[in-house]
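Going down the list, the protein sequences come from chains L and H.
Take the first sequence: its letter number 35 is residue 35 in my numbering, and every next letter is one higher.
Take the second sequence: its letter number 7 is residue 103 in my numbering, and every next letter is one higher.
You may find that some hints are simply not true.
Straight-line alpha carbon distances no greater than 20 Å define the calculated SDA-like cross-link-like pairs of lysine to any residue that follow [as the list claims (entries may be wrong)]:
| hint | chain 1 | residue 1 | chain 2 | residue 2 |
| --- | --- | --- | --- | --- |
| 1 | H | K251 | H | F186 |
| 2 | H | K100 | L | M3 |
| 3 | L | K14 | H | A103 |
| 4 | L | K14 | H | G104 |
| 5 | H | K129 | H | E110 |
| 6 | H | K128 | L | F87 |
| 7 | H | K100 | L | T5 |
| 8 | H | K100 | L | V88 |
| 9 | H | K100 | L | L11 |
| 10 | H | K251 | H | V240 |
| 11 | H | K100 | L | K57 |
| 12 | H | K129 | H | L153 |
| 13 | H | K129 | L | K57 |
| 14 | L | K93 | L | K45 |
| 15 | L | K57 | H | E110 |
| 16 | H | K129 | H | P204 |
| 17 | H | K100 | L | M4 |
| 18 | H | K100 | L | Q8 |
| 19 | L | K93 | L | M10 |
| 20 | L | K14 | L | T63 |
| 21 | H | K128 | L | N89 |
| 22 | H | K100 | L | E7 |
| 23 | L | K45 | L | T63 |
| 24 | H | K198 | H | L214 |
| 25 | H | K169 | H | L179 |
| 26 | H | K129 | L | T5 |
| 27 | L | K93 | H | F255 |
| 28 | L | K57 | L | L80 |
| 29 | H | K198 | H | F187 |
| 30 | H | K100 | L | A9 |
| 31 | L | K14 | H | N188 |
| 32 | H | K128 | L | V88 |
| 33 | L | K57 | H | F186 |
| 34 | L | K57 | H | M358 |
| 35 | H | K251 | H | G365 |
If you're looking for bench data, these hints aren't it; they were derived computationally from the structure.
Owing to the predicted nature of the structure, the values given are computational and were not obtained by experimental measurement.
Given next are the chains, with one letter for each unit.
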Amino acid sequence: MNMMTDEQAMLFAKAIVLMGQGIGAGLALIAGIGPGIGEGYAVGKAIETIGRQPEAKSSATTTMFIGCAVAESTGIYGLLVGIILLFVNPFLKHLS
Amino acid sequence: MVNKIAAGLFAAAEGAVKAFDTELHVDVVGPKKMIIFFNGDTELFAISETVVTGWLLIIVLFALMCWLTSDLKVVPTSKRQVLAEWFVTFFNNLVRENMGSKMMHMAPYIATVFTFALTGSLVSVLGLRSMTVDINCTGTWAAVTFILITFYKIKSNGFGGYLKGFTEPVPVITPINILSEVATPTAMALRMFGNISSGMIIGSIVYAFLTVLSNAVYNLIPALSSATFLNNFHILQIGVPAALSIYFDFFSGVIQSYVFIMLTMAYVGDAAGKED
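Chain L extracted, bound-state conformation (with noise of 0.2 Å):
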């Protein structure tokens, strides 16, 4: 086999730092599970709620909208990490 030259080793340098990325990323959204099983948790306990009730409706939805909001800042984060892998290229510019 040939020898790579030192642009095709740079990019294959490249292009596997890109594919840690890529993977960084997905696991950082496997996050998205709690704060899925959470709000579901909420919202069914809000329409019990409701339906036990129906007078206290609007309150119920409020609060339960305010801890769904809440509960979501975990998933958030894996988010924003996911986000910051894929679109700001940290690590590529340690690459020189």
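Once you've looked at the hints, dock chain H against the given chain L.
Leaving out everything else, chain H in the frame of chain L:
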């Protein structure tokens, strides 16, 4: 044989690198610089799009509020006074419910933050870049909340009591208490930034995808496949992204602004000691 595989690998690598370098480039972390001040050739400092949008919003909101509150009467006769009264009553009730009637002086601040955050997020429907897609913006609001929390803690407990509050319930967990004190504004800033910016990024990805799809549609039709005037006109981009915009711009923006002020009220009210 080995050479062929290697050549194929290099071609694939080149394609992947190119795709990452050119297509789908979304400027997530930094908004673009609108006004740059130069000293000779060196860049002194730059004013970002966020700041420009923010000041435009401040001017528009100020004019709107002046118009809403002009010519007030004891018994409202105009629709705009009813609207203004509804706005004030809404936030007064919200603050009274969540912070107690002792903290009513917080109501103007809460209303300001909500209005600014809401319009700052929804400005993306006008084609501008949302203010809240800048971590500096949400970070500033969270920092103000942090200052308010600290101020009311010191005010209600005294400075010694504030410091002593870190060692409760047992002195061993002081580092954890300090960490949770810092985590509060960080989480608030990141939550809002993450929600709105993820919406923007998904929107950009959808636009890029629809470009490809429109070109594929053009290529299917023989009459259109060689038309050059369609190069910058992508038919599928009309209307389709609006459905996503309802969720990512409107729903997300409203909910996150509301959550931001609710959390501010909860933390500040907690720090001030809710009793009434």
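Hint check:
1. Between K251 (chain H) and F186 (chain H) the CA atoms are separated by roughly 27 Å; this puts the pair beyond 20 Å, and the hint is violated.
2. This hinted pair checks out: K100 (chain H) and M3 (chain L) have alpha carbons roughly 14 Å apart, not beyond 20 Å.
3. Between K14 (chain L) and A103 (chain H), the direct Cα distance comes to roughly 16 Å. Compliance with the 20 Å bound is thereby established for this hinted pair.
4. Among the hinted pairs, K14 (chain L) with G104 (chain H) is consistent with the structure: their alpha-carbon atoms are about 16 Å apart, no more than 20 Å.
5. A distance of roughly 31 Å separates the Cα atoms of K129 (chain H) and E110 (chain H); the hinted pair therefore is violated under the 20 Å criterion.
6. Taken as a hint, the K128 (chain H) and F87 (chain L) pair is honoured in the structure, with Cα atoms around 15 Å apart against an allowance of 20 Å.
7. Our distance criterion of 20 Å between C-alpha atoms is met by K100 (chain H) and T5 (chain L), whose separation comes to about 16 Å.
8. For the hint linking K100 (chain H) to V88 (chain L), the alpha-carbon distance of about 33 Å lies beyond 20 Å, and the restraint is violated.
9. For a cut-off of 20 Å, the pair hint linking K100 (chain H) to L11 (chain L) stands: about 17 Å separates their Cα positions.
10. Our distance criterion of 20 Å between C-alpha atoms is met by K251 (chain H) and V240 (chain H), whose separation comes to about 16 Å.
11. The suggested pairing of K100 (chain H) with K57 (chain L) is violated, with an alpha-carbon distance near 66 Å, which exceeds 20 Å.
12. Straight-line distance between C-alpha atoms of K129 (chain H) and L153 (chain H) comes to about 18 Å, which keeps the hinted pair within the 20 Å bound.
13. Under the criterion of a C-alpha separation no larger than 20 Å, the hint pairing K129 (chain H) with K57 (chain L) is inconsistent with the structure, at around 46 Å.
14. Distance hint between K93 (chain L) and K45 (chain L) is unfulfilled; the C-alpha atoms sit about 48 Å from each other, more than 20 Å.
15. Only pairs whose Cα atoms come within 20 Å are accepted, and K57 (chain L) paired with E110 (chain H) is rejected, the gap being roughly 56 Å.
16. Between K129 (chain H) and P204 (chain H) the CA atoms are separated by roughly 32 Å; this puts the pair beyond 20 Å, and the hint is violated.
17. A distance of roughly 13 Å separates the Cα atoms of K100 (chain H) and M4 (chain L); the hinted pair therefore holds under the 20 Å criterion.
18. A threshold of 20 Å between alpha carbons decides the hint, and for K100 (chain H) with Q8 (chain L) the separation of about 14 Å falls inside it, so the pair holds.
19. Proximity of K93 (chain L) to M10 (chain L) is assessed by CA-CA distance (about 12 Å); at most 20 Å being required, the pair is judged to hold.
20. Annotation: proposed proximity of K14 (chain L) to T63 (chain L) is violated, straight-line Cα distance about 47 Å (limit 20 Å).
21. As the CA atoms of K128 (chain H) and N89 (chain L) are separated by approximately 18 Å, the hinted pair is consistent with the 20 Å bound.
22. Restraint check for K100 (chain H) and E7 (chain L): satisfied, since their Cα atoms lie roughly 18 Å apart, inside the 20 Å limit.
23. Of the supplied pair hints, the one linking K45 (chain L) and T63 (chain L) holds, its CA atoms being roughly 11 Å apart against a limit of 20 Å.
24. For the proposed pair K198 (chain H) and L214 (chain H), the alpha carbon gap of about 26 Å is over 20 Å, so the pair is violated.
25. Under the criterion of a C-alpha separation no larger than 20 Å, the hint pairing K169 (chain H) with L179 (chain H) is consistent with the structure, at around 13 Å.
26. Between K129 (chain H) and T5 (chain L) the alpha-carbon distance is near 39 Å, which puts this suggested pair outside the 20 Å criterion.
27. The hinted pair formed by K93 (chain L) and F255 (chain H) fails the criterion: a straight-line CA distance of about 46 Å is larger than 20 Å.
28. Of the supplied pair hints, the one linking K57 (chain L) and L80 (chain L) is violated, its CA atoms being roughly 33 Å apart against a limit of 20 Å.
29. Between K198 (chain H) and F187 (chain H), the direct Cα distance comes to roughly 15 Å. Compliance with the 20 Å bound is thereby established for this hinted pair.
30. Proposed proximity of K100 (chain H) and A9 (chain L) is supported: the alpha carbons are some 16 Å apart, at most 20 Å.
31. Taking the CA atoms of K14 (chain L) and N188 (chain H), the gap is about 56 Å. The hint is violated against a cut of 20 Å.
32. Between the alpha carbons of K128 (chain H) and V88 (chain L) the distance comes to roughly 14 Å, so the proposed pair stays at or under 20 Å and holds.
33. The straight-line distance between the Cα atoms of K57 (chain L) and F186 (chain H) is roughly 18 Å, inside the 20 Å bound, and the hint therefore holds.
34. At most 20 Å may separate the alpha-carbon atoms for a hinted pair to count; K57 (chain L) and M358 (chain H) meet this at roughly 19 Å.
35. Distance check on the hinted pair: K251 (chain H) and G365 (chain H) sit about 12 Å apart at the alpha-carbon level, within 20 Å; holds.
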